[in-house]
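Participant: The residues making up each chain are set out below.
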Amino acid sequence: MNLFRRPEAPDVTAVIVDDHPVVVAGVRAWCALADPPIRVVAAGPTVAVAWTDPGAQADVVVLDLQLDATGPAFGDLKRLVDAGRQVVVYTMRADRETALTALDIGAFTFLTKAEGEDHLIAAIQAAAASAPYVPPTLSGAFGTDERSHRPRLSPREQQVLIEWFHSESKEMVARRLTITVHRVNSCLERVRIKYANVGREAPTKAALVARALQDGLITTDDL
Amino acid sequence: MEQRLLQQGLIYALGLRIVVIGLSSSVSLALAPMPDRAIAALVIAAFTAWSVLYAVLMVRTRSKALPVADVAAVCAICLTQIWTVTPDPRAGATWVLIAINMVVITYPWQLGRPALAGATLTIIAVYYVGATIADPGGWLVDKTLGPWTAAEAALSWGLYRFVRRGARTSDRIIARAAELRRAAEIAGARRAGEREYLAALHDTAAATLLMVGSGIVAGREPWLSAQARRDLQEIHRSEDAAQGATDLIPLLREAAGHTQVRVSWRTPEVLVLPSADAVSLSRGVREALTNVARHAGTDRAEIRVRADGALVTVEIADEGRGFQINSINPQRYGVTRSLIERMTRIGGRARIDSTPGHGTTVTLTAGHDTPAEDSGDREVIATSFQRGLRWAVIVMSLAILTLLDLPRMLASRASYEQFWPQLVTWSGLVAVVLVVAAATWRDRPLGRWRTPLIVLVFALAALATWSVRPEYLLGPAHWSEGDAGWPLVLLMMGARVPVFAVVLLAQYLMTFGQAALAWDAALSVAGAISATWAVLTYQLAIAMIAAVLRGMAASSARALHAAERERTAEAVDRHLHEDRTGRLAALAATAVPLLEGLASGGLDPGDESVRSACEAEAARMRRLMAEDTGLFFHELRACVEEAERNGVAVSFTEFGTFPALTPPVRRRLIEPAIAALATAQGRARLSVTGTRETVTVSVVAACLQPPPAPDRDGVRRSTVADGDRFWIQATWQGDQ
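In order, the protein sequences belong to chains A and B. Every position in the first sequence, counted from 1, becomes a number in our numbering once 31 is added. Every position in the second sequence, counted from 1, becomes a number in our numbering once 515 is added.
The shape of chain A in the complex, shown without the other chains (with noise of 0.2 Å):
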């Protein structure tokens, strides 16, 4: 996902909002060894941590949505989104409405800690780079989303999304469905876009959309 950020740019910070102090240290390892590395700028248990110095100078807001019994924080990240914020949320929580709703709020992409190890360095620099991003268990979602409000999508963007899912291999979703990988991040990165088009008013959105017509992933017809 390196092709996504400028030669140019400045090393990427991210501030952990988290309660748990293993995932925290796990979070700080991935960083440290990523290429180039990923600056932790800050780390804690409420979301005080990204609104405050340094948390508040971080590119990208790594949130856990379960930060305490109460349930998820929708109003944490909504909060977050409305200040401009890239958002990654990071998350126990593996299921279909609450990956919808926190992308209906306008996080940047939804990551469940069971996909931490394989995604998300990949997903911090995606957010930092305001590329879209779309791993497995939000496909997953994204492809088996029933409600009246989603974008159109088309059979083989369908197709990709449910197989993405399934096998998290880009290469076997390219074989069993004759395509190629390219082929098959490009359907991923125009549903995504799909998805912030019909989405809230929101930062991330404006952001995805200018992006996603600067590198011709669509274009204003499709909009």
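It is possible that part of the hints are untrue.
To give an idea of the chain B side of the interface with chain A (calculated C-beta under 10 Å), a few residues [what the hints assert, rightly or not]:
id, residue
1, 714
2, 729
3, 805
4, 1134
5, 1137
6, 1140
7, 1168
8, 1171
9, 1172
10, 1200
Simulated from the structure, these hints should not be mistaken for laboratory data. Treat the numbers as computed from the prediction; the structure is a model and nothing was measured. Using N, Cα and C, we set each Cβ at its ideal position, and we do this for glycine too.
Knowing the structure of chain A, use the given hints to seat chain B on it.
Facilitator: Relative to the frame of chain A, chain B by itself:
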């Protein structure tokens, strides 16, 4: 429904009255001899105008004085018979007689019982007076008339009561179904809350094991031990939660800890509540405190917790700036709506009191008795409405045949060519009514007996008409002319109104045809039409009532059915919930030793075997939390557990909604997954997706290559290889 039905019934009754009296009086005016046609025309016009005015006023105002005026108007037409009716033994029913019959029949929809009795008796008495004035010779004075009119009023009243009772029962059934639905919603929401809480408690331990499993902790660390100890505490708490009960106080303190408000507490030491209520209350407290921090202009609040039997009240009071509750849009005070919605969902309440300058108090109440199970509503079978109506008509028919027709027949022996056909017809009709009565008693439909019985009634009517001397045809001696219709009404009760009307009319036309062929009739045409109208409309009115009742029965049956479905869904949901909490509780047994080892330092997180044990356990916990559609996947569960025992970390995810599948389809869908998991090693990914038209079960694992299998039952299988890993997938595609 009751109010609507009564209003509709009133409109029908008044409409029927206008049409029948209007028609019979104008036909009489046109065709029958009258002593003074000018005065008769005036009386008829005035009475028709009054009927219309009365109907309009009655529907609009329902004033108590109106019926009094109406009785006076009816008395007036009775007393003016000297000008409007010519005594004629061949005239059958006069238009005045039909009018008073019709008025009395429709009164039950307009009057209470005492008023109905008073009005009926008054009208009958005044009719006799009017008839005697008009015809001292007594042609107009039929001795059976008084009792018969009173009986008609009584029967009509019975029908009215009957419809009303049906409507009430129907209302009750529908209300009960709605109540049940509400109770099930509350129970469902409470369970969902409980489930979420349980999941949250397990999440923390699962996250620890997941991270250890992914190898980010290279060796023993104090912070890892500390976390493992906390996880153990949470799991311990979850054992209580699985029993469905939680201590509210620590939850509230935890919620308050997330806000910047300094709280002074007035609470009992311990307050154990159903978990769902405790969690909802703590969320409410958090929202209320967030609002204090944001809007109240103070950072202090007091929380008071009170338990009063099964009812728990939590008050969050601040002395901040407060607000005018009515003056601002409640949605702007963000807390209001979501708090109220949240508490309502679990069957509780939220109240907000505030005065500008004097702070705000939010009162949350939870806890209630579970609504009682249904009480015998199921006995009220919807069809009992129709059954009751049938009984009413059976009694009415028997009354007419024995009390009215039998005396007439015996008194008119001279009017018949031969007497035995009359006896045969009379006994035959009584027998038909008794057959229907027997079927109703045993609650059996008439089925294929219906048509032969209808044919029999037609034959009996024809026989009786044939044996009446031509000059008495259609007169009082020809009792079977209208009254053979009653057994038909009984037989046709289940039919649609048009069919009903056609069969009934056919019987009348047949009799008229016979009379026409005989070239003579006891009645003038006007009299015949009038007399027929009166009986026919009464019979058709019953058809309409039957149709209305059928509609009512259908909506009640729907409500009953919905309630039944609700009960089933609720039972399934409850079962799934218990199953799940049970499994989560059992999970603690395997997670606890690992966490204890990590907490004490007895297990080294850097050790490969510890890591893979943690990974497998984390996958197991996540799988149990993801499993929501237990019904579909319990077949897979056993083999997943078997794989886990072999040290395979099976990650499981499912998304979507699942249509009902036939057993062969289900088997074909999960067979490949079972085969793959049986030989899997290391990590395996099991995932299921469903939409309305497709269901896919997919496994990615290092396992033996699956044998090729034919596509069947709409299930397609496919395999993609990637090194030693196989991606095996079975997809069911519904009929497009």
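Participant: Would you mind marking each hint as holding or not holding in the structure?
Facilitator: How the hints compare with the structure:
no. : hint : result
1   : 714  : holds, 8 Å
2   : 729  : holds, 5 Å
3   : 805  : holds, 8 Å
4   : 1134 : holds, 8 Å
5   : 1137 : holds, 6 Å
6   : 1140 : holds, 8 Å
7   : 1168 : holds, 6 Å
8   : 1171 : holds, 3 Å
9   : 1172 : holds, 7 Å
10  : 1200 : holds, 6 Å
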